[in-house]
Amino acid sequence: MTTSRPALVSPGASAGSAEPARDARARAAGPGAAPDTAGSQPRSAPAVSMAGALNRALRDAMAADERVLVLGEDVGRLGGVFRVTDGLRAAFGERRCFDTPLAEAGIVGFAVGMAMYGLRPVVELQFDAFAYPAFEQVVSHVAKLGARTGGRVRPSMVLRIPYGGGVGAVEHHSDSSEAYYAHTAGLKVVTPATVTDAYSLLRDAIDDPDPVVFLEPKRLYWSRSPVDLPVRAEPLGQAALRRAGRDVTVVTYGPTVPLALEAAQVAAGYGWDVEVVDLRSIVPFDDDTVVASVRRTGRCVVLHEAQGFAGVGAEIAARVQERCFHSLAAPVLRVTGWDVPYPAPKLEHHHQPSVARILDAFERLQWDDEPDARWLADT
Amino acid sequence: MTTETTGGLGAVVAKLLPSPSPIRFVDDGGEPVDEHGGYRPPPDELLVQAYEAMVLGRRFDAQATALARQGRIAAFPSSVGQEACQAGAALALRPGDWLFPTYRDSGALLSRGVDPLDVLAPVRGHRHCGYDPYAHRCAPMSTPLATQAPHGTGLAVAARWKGTDEVALVLLGDGATSEGDFHEALNFAAVFRAPVVFLVQNNRYAISVPLSQQSAAPSLAYKGIGYGVRAEQVDGNDAVAVLSVLAEAVDHARAGLGPMLVEAHTYRMGPHTSADDPTRYRDEAEVASWRGRDPVERLRAYLRRRGLLDDAAEAAVTARAEALAAGVRAGVAHDAHVAPTDIIDHVYAAAPAFLAEQRAALLSELDAGGEGAR
Chain Z
1 MTTSRPALVS PGASAGSAEP ARDARARAAG PGAAPDTAGS QPRSAPAVSM
51 AGALNRALRD AMAADERVLV LGEDVGRLGG VFRVTDGLRA AFGERRCFDT
101 PLAEAGIVGF AVGMAMYGLR PVVELQFDAF AYPAFEQVVS HVAKLGARTG
151 GRVRPSMVLR IPYGGGVGAV EHHSDSSEAY YAHTAGLKVV TPATVTDAYS
201 LLRDAIDDPD PVVFLEPKRL YWSRSPVDLP VRAEPLGQAA LRRAGRDVTV
251 VTYGPTVPLA LEAAQVAAGY GWDVEVVDLR SIVPFDDDTV VASVRRTGRC
301 VVLHEAQGFA GVGAEIAARV QERCFHSLAA PVLRVTGWDV PYPAPKLEHH
351 HQPSVARILD AFERLQWDDE PDARWLADT
Chain P
1 MTTETTGGLG AVVAKLLPSP SPIRFVDDGG EPVDEHGGYR PPPDELLVQA
51 YEAMVLGRRF DAQATALARQ GRIAAFPSSV GQEACQAGAA LALRPGDWLF
101 PTYRDSGALL SRGVDPLDVL APVRGHRHCG YDPYAHRCAP MSTPLATQAP
151 HGTGLAVAAR WKGTDEVALV LLGDGATSEG DFHEALNFAA VFRAPVVFLV
201 QNNRYAISVP LSQQSAAPSL AYKGIGYGVR AEQVDGNDAV AVLSVLAEAV
251 DHARAGLGPM LVEAHTYRMG PHTSADDPTR YRDEAEVASW RGRDPVERLR
301 AYLRRRGLLD DAAEAAVTAR AEALAAGVRA GVAHDAHVAP TDIIDHVYAA
351 APAFLAEQRA ALLSELDAGG EGAR
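First to last, the protein sequences are chains Z and P.
If you're matching positions, the first sequence starts at 1 in my numbering and goes up one per residue.
If you're matching positions, the second sequence starts at 1 in my numbering and goes up one per residue.
Everything labelled a hint here was simulated from the structure, so no lab data went into it.
Treat each hint with caution, since some may be false.
What the hints assert, rightly or not - Restraint-style ranges between C-beta atoms, simulated for each label pair:
1. GLY93(Z) to ALA319(P): 42 to 48 Å
2. ASP65(Z) to ILE207(P): 28 to 34 Å
3. ASP34(P) to GLY118(Z): 55 to 61 Å
4. GLY180(P) to GLY93(Z): 37 to 43 Å
5. VAL33(P) to GLY87(Z): 56 to 62 Å
6. GLY180(P) to GLN321(Z): 39 to 45 Å
7. ILE343(P) to GLY93(Z): 40 to 46 Å
8. GLU94(Z) to ILE207(P): 53 to 59 Å
9. ALA329(Z) to ILE343(P): 36 to 42 Å
10. ARG94(P) to GLY87(Z): 38 to 44 Å
11. ALA64(Z) to GLU365(P): 51 to 57 Å
12. PRO218(P) to GLY87(Z): 35 to 41 Å
13. GLN321(Z) to ARG94(P): 56 to 62 Å
Ideal Cβ positions, reconstructed from N, Cα and C, are used throughout, including at glycine.
Required output: the full structure, derived from the provided sequences and hints.
As structure tokens, then:
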């Protein structure tokens, strides 16, 4: 199905850190970064990494509100395995940024108790798959306390979780676990794709009265953008248009936003003008922005790295067809990882969505009003 | 290295280990016994207060069980036989302290001053938690076992770091000591020297599973030593002993000496809930043997022997218990009205757009008088 464009797209071109930069700003930002479109940052602003912006957000939040404290494994002396909490213990003392025993259910449960007492814990759960021991605390307490108590107990807290693949990690370090949290009523689920959003969304999350699962795309930690911090972008709960286009809307979030922009650039060479919506917040879901875009373009591709079955993309596709049915010229398609446990690092690029996989989806959007042959074969 | 300067590991262990047999002040027949180590006897007025709390708790329990059998409330988890622990836990705390109860701890909540009808909210079926946790400093009753233990620990550390001398007391059962959260909470509590007391009411059964299949520990109190948590075991049907040991544990925590684990040996006289049939898994002879160790009767006999309780005082307590039961019956007869939209309104501090849409949909169902309107 890709026979019309073999020369432009080679399988290796889109995998992981080999993504080519698209323009001058993205080049300055380094591989994998989405351009920071919020505000009007001067070109002379220093290049900041996403990890650095997260660190600055924690630092500024702790300085602004003494109830904010940071806890987790290795967040103290070491500054976190990704250095996101670097220097916080030295700056704020060991009661504001502290290491805990290695027990994730205990960490989250302990934070719930602190939140009940009026503190604002920011928990670092070291990796996506290492957050699973805390699942019962998250589902049965963090998410439900507000509803259970008629709003009298509101555990305002942030659970920071580095997530997703593309960094060549060994097993249990590359899961995209957003669907578990998004399916849990009572949580907000947020993920930044830009350096600006890393700062702005984390500040919003810490200020938010509701518990927020803050998913940090590992592959973007070292992406850089020239950003003057502090900076504030759209509020938590609002999606952002990363690229305007007329022909098809790509709805995505977190680690695959730069990939969507890259695919949009390549697609332009074929005459497809692609719009890219970065959700920023999976919950609350910004129906308005997504619906307005799809009504304009008439076509929608949902993109994420997580496996597709019962994933966040399924929810997005359902919402789009419920709300945009009469504007749609083609079925909503999903481009996702395969429905497999995250593969070993040397094979992960076969799992992750690529520019080629996205372009293949664009091609299947029934431009000639022909049904998708893929679904007709067996009927 | 600190162990060498304080007399070696043996001395440290000796300070943490529980007494070899449960602490007792009063035997099964209400006679004083000298099996209380160095623990101080509680003040007389506290014993009288505990007696009243225990009688009220038992009457409340009987009333709730009756209402459950009549189908007027959902399956009720009785704590009959555990009144000394229930009253003891509440009376060991100051108003500024915090209690972290389970679903079986309605007696402790009552003694803490929570309205009986609010205690029953989950089984009345209109709210998962009927009281304001901040009003009485009682966390919501926890149903997933041991999950409230890390909450109590975190809250206690937060209170200490704020400079208060507030203490948290976490109630647990024997089954909960098998859950990971129990162990993680003990470990966190020790590492952070949390002012928290864990009271394990070892009532011998986790629904149907007996203690022998729950744990091979010499006694559950020995689970403290591995975490460096001081532990004690107490006769949980001896209210005098429970009050004494809990007073010591709470003082220990309040003084900044760290957490304490207390195992109270008791017995669940009733079923797991009113929907359970304990004859399928335990003998009547065993239940009968525990009937002879009843905590309420035992304290009553002791108080009368000591001249702390007379007929008039007993009659007054009984009258208060009957008034409580009558209030529960009358209250349950009136179905508490909760707006249907309540199920949506408290999930988030402010309903996001997607939930606001669903709230509007529910309201239009109500307007249409359909299924949702009932």
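Okay, the hints, checked on the actual structure:
GLY93(Z) and ALA319(P) have their C-beta atoms about 56 Å apart, which leaves the hinted 42 to 48 Å range violated. At about 45 Å, the CB distance of ASP65(Z) to ILE207(P) disagrees with the hint of 28 to 34 Å. Checked against the hint of 55 to 61 Å, the C-beta distance between ASP34(P) and GLY118(Z) comes to roughly 46 Å, which is inconsistent with it. A C-beta distance of roughly 30 Å is found between GLY180(P) and GLY93(Z), which places it outside the suggested range of 37 to 43 Å.
For VAL33(P) and GLY87(Z), the hinted distance range of 56 to 62 Å is satisfied, since their beta carbons lie about 60 Å from each other. The hint said 39 to 45 Å for the Cβ distance between GLY180(P) and GLN321(Z), and at roughly 42 Å that hint holds. Checked against the hint of 40 to 46 Å, the C-beta distance between ILE343(P) and GLY93(Z) comes to roughly 42 Å, which is consistent with it. In this structure, GLU94(Z) and ILE207(P) break the distance hint of 53 to 59 Å, their C-beta atoms being roughly 43 Å apart.
Take ALA329(Z) and ILE343(P): their Cβ atoms lie about 39 Å apart, and the range 36 to 42 Å holds. Distance hint check: the CB atoms of ARG94(P) and GLY87(Z) are about 40 Å apart, consistent with the given range 38 to 44 Å. The given range of 51 to 57 Å is broken by ALA64(Z) and GLU365(P), whose C-beta atoms sit roughly 43 Å from each other. A hinted range of 35 to 41 Å for the beta carbons of PRO218(P) and GLY87(Z) is inconsistent with their spacing of about 47 Å.
For the hinted restraint 56 to 62 Å between GLN321(Z) and ARG94(P), the CB-CB distance of approximately 59 Å keeps it satisfied.
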